[in-house]
Amino acid sequence: MFHLAIKDMRFSKVKYGLIALILFLIASLVLVVSGLARGLSDQNIAMLVESEGTEFYVSADSENELDQSGFLIEDLLEEVPTEEGWQPLITHPVRFVHDGKEDEKLGATMIPVDTNSKLYPGVIEGEALTNDEDLTIIVDQTMQADGVELNDTLYDEETDLTFTVVGFTEDQTYRHTPVVYVSEAAFYAEEISPNRVANTVVIFEDNDALKASIDNVLSEGVWVDKTEVIDAVPGHSSEQMSLNMMIFFLIVISVFVLAAFFYIITIQKLKQFGILKAIGAKNQFLIGSTLMQVVILSLFSLALAVLFTYGVTFILPEGMPFDFNITTISLYSLSMFLVSILGALLSSRRIVKVDPQQAMGGAE
Amino acid sequence: MTLPLEVKQINKRFKDGETYIDVLQNIDFSIKKGEFVAIVGPSGSGKSTLLSIIGALLTTDDGDVLINGKTVKNLDEGQRSDVRLNDIGFIFQTAELLPYLHAEDQLDLVAKLNKMDKKQRKARAKALLTDVGLEKRRKHYPHQLSGGEKQRVAVARAFMNDPALILADEPTASLDESRSHEIVSLIKQEVKAKSKAAIMVTHDESLLTYCDRVFRMKDHHLIEDK
Numbered sequence: 001m002f003h004l005a006i007k008d009m010r011f012s013k014v015k016y017g018l019i020a021l022i023l024f025l026i027a028s029l030v031l032v033v034s035g036l037a038r039g040l041s042d043q044n045i046a047m048l049v050e051s052e053g054t055e056f057y058v059s060a061d062s063e064n065e066l067d068q069s070g071f072l073i074e075d076l077l078e079e080v081p082t083e084e085g086w087q088p089l090i091t092h093p094v095r096f097v098h099d100g101k102e103d104e105k106l107g108a109t110m111i112p113v114d115t116n117s118k119l120y121p122g123v124i125e126g127e128a129l130t131n132d133e134d135l136t137i138i139v140d141q142t143m144q145a146d147g148v149e150l151n152d153t154l155y156d157e158e159t160d161l162t163f164t165v166v167g168f169t170e171d172q173t174y175r176h177t178p179v180v181y182v183s184e185a186a187f188y189a190e191e192i193s194p195n196r197v198a199n200t201v202v203i204f205e206d207n208d209a210l211k212a213s214i215d216n217v218l219s220e221g222v223w224v225d226k227t228e229v230i231d232a233v234p235g236h237s238s239e240q241m242s243l244n245m246m247i248f249f250l251i252v253i254s255v256f257v258l259a260a261f262f263y264i265i266t267i268q269k270l271k272q273f274g275i276l277k278a279i280g281a282k283n284q285f286l287i288g289s290t291l292m293q294v295v296i297l298s299l300f301s302l303a304l305a306v307l308f309t310y311g312v313t314f315i316l317p318e319g320m321p322f323d324f325n326i327t328t329i330s331l332y333s334l335s336m337f338l339v340s341i342l343g344a345l346l347s348s349r350r351i352v353k354v355d356p357q358q359a360m361g362g363a364e
Numbered sequence: 001m002t003l004p005l006e007v008k009q010i011n012k013r014f015k016d017g018e019t020y021i022d023v024l025q026n027i028d029f030s031i032k033k034g035e036f037v038a039i040v041g042p043s044g045s046g047k048s049t050l051l052s053i054i055g056a057l058l059t060t061d062d063g064d065v066l067i068n069g070k071t072v073k074n075l076d077e078g079q080r081s082d083v084r085l086n087d088i089g090f091i092f093q094t095a096e097l098l099p100y101l102h103a104e105d106q107l108d109l110v111a112k113l114n115k116m117d118k119k120q121r122k123a124r125a126k127a128l129l130t131d132v133g134l135e136k137r138r139k140h141y142p143h144q145l146s147g148g149e150k151q152r153v154a155v156a157r158a159f160m161n162d163p164a165l166i167l168a169d170e171p172t173a174s175l176d177e178s179r180s181h182e183i184v185s186l187i188k189q190e191v192k193a194k195s196k197a198a199i200m201v202t203h204d205e206s207l208l209t210y211c212d213r214v215f216r217m218k219d220h221h222l223i224e225d226k
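For the record, the sequence lines run as chains L and X. Per the working numbering, the very first residue in the first sequence carries number 1; after that it's consecutive. Per the working numbering, the very first residue in the second sequence carries number 1; after that it's consecutive.
Hints are computed from structural coordinates only; laboratory data are not their basis. Treat the hints with care, as some may be off.
[Stated by the list, open to error] Below, a list of computed lysine-lysine pairs in the DSS-like style, where the Cα atoms sit at most 25 angstroms apart:
| no. | chain 1 | residue 1 | chain 2 | residue 2 |
| --- | --- | --- | --- | --- |
| 1 | L | K7 | X | K136 |
| 2 | X | K139 | X | K126 |
| 3 | X | K115 | L | K271 |
| 4 | L | K271 | X | K112 |
| 5 | L | K269 | X | K115 |
| 6 | X | K118 | X | K194 |
Remember, it's a predicted structure, so these values are computed and weren't measured experimentally.
Okay, chain L solo, but in the shape it has when bound (with noise of 0.2 angstroms):
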């Protein structure tokens, strides 16, 4: 069976070779949308992805969208310390300016932090941040594409402030923008806000007792979970299932052309088949050889597939949003290669109902 499939398949190199081609095509389109979906899904949500923060509290009226969210915060510092296991989030959007260029500013949304607390990310370059009120930023490392480079200085008009870059951090990026942490003594010191609020505020462990006498300060506002606050963020659920139609749609077209190119090999073969099964070979085994190749070319084609992709990441621009994601690929790849047996299986049907007795006399 084996042998027949790869024989066939080496004297008509052309014909499968082109197949392949087709296959790999399509799966470099599938894995290739599918590493810019997630690539965008990180952009837009990563920050709340690498989070601790387990639960949100949010307003009761801000259908859990971070934005239309906010608390005045003093009281609740005051009676129920940070200590007992909540921080405070604030994102606030800024425009800076980079090197002198004006017309060209960079959008960032700023979170203050405490550097102790769980909220605080870490760097992966230059030097952490510190608790004290001095101007400095850590920012992710997306901006490095828009030639941010360590000890830079970042101009936000709007406050008529200057931060400097002091190091780069990785996977947090918000509504399409890197993530850039000041310190909260900084943050406040500068009156970048007038008072102690928040968006929301984050808790790192369920804790009933907690919630309770957080919910009991604030008021007004409800509990949620993280993926409830990630569904939320804007655009996120239409982005993605605009991204994910599209894999959709590109499965279900590969399901038909494939399926197509395999009943046209198939049924140039019937004669073939019609004769095989004259000298006594089974449905079986033609179905099994004919299944067998198309094992081994959509093998072939995804394994290309899967290297081309890889390879993309290296020449996309910088700050393009890609994602080479083992899972992600794993998942595509297979389905892609349950969707071209079933596309071959279609045509066994052709196989099964070929009249071995057609090999007699043509012309009677």
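With the hints as your guide, set chain X onto chain L.
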């Protein structure tokens, strides 16, 4: 002694619109080992239908076919497929070789389907290709072989699984006269040497000299030349 082939009172009708056409009526004959038999008749007379029934490719309406003493009546598709694989060697109008296999692999394939072990397969394929005069062209693909050579490979393939019965359906239809005689005398030589029973359907009267017995299809009946 069991006969390689016994055909017992076969009738076959085909539906043609509202009516039925009798194609075969009361066909009854048998063949002994080493006998090379010809069936002749005009086209449309039912020769190929008869050969299909004998070859377990088509079922009969009445009567029975015994191959090597075993009935093929009431066998399911898989069992009939096994009968074709083990007990019958087919030679078709055109060689009908697989384009992607060289001569030796053509023979190897049918033996592999029959689960013959590798060493035996190799030895048999080599011996049979030598018998048909193609020992030097064992590794040639069909497109590298002439029409006559392809048909020789087909003849060798028919003998590969050591069947009791060889069925040749107009094996010379695509060959010129001298090639036709070569192929038929080759079939005769192999049938005699290996003591098989063989039926050849043809309408080339000049080939009948190679055959031991000649049957003619006439008005749906099979009549033997005396």
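Okay, the hints, checked on the actual structure:
no.	hint	result
1	L/K7 with X/K136	21 angstroms, holds
2	X/K139 with X/K126	11 angstroms, holds
3	X/K115 with L/K271	24 angstroms, holds
4	L/K271 with X/K112	21 angstroms, holds
5	L/K269 with X/K115	24 angstroms, holds
6	X/K118 with X/K194	22 angstroms, holds
Taken one by one, the earlier hints all hold for this structure without exception.
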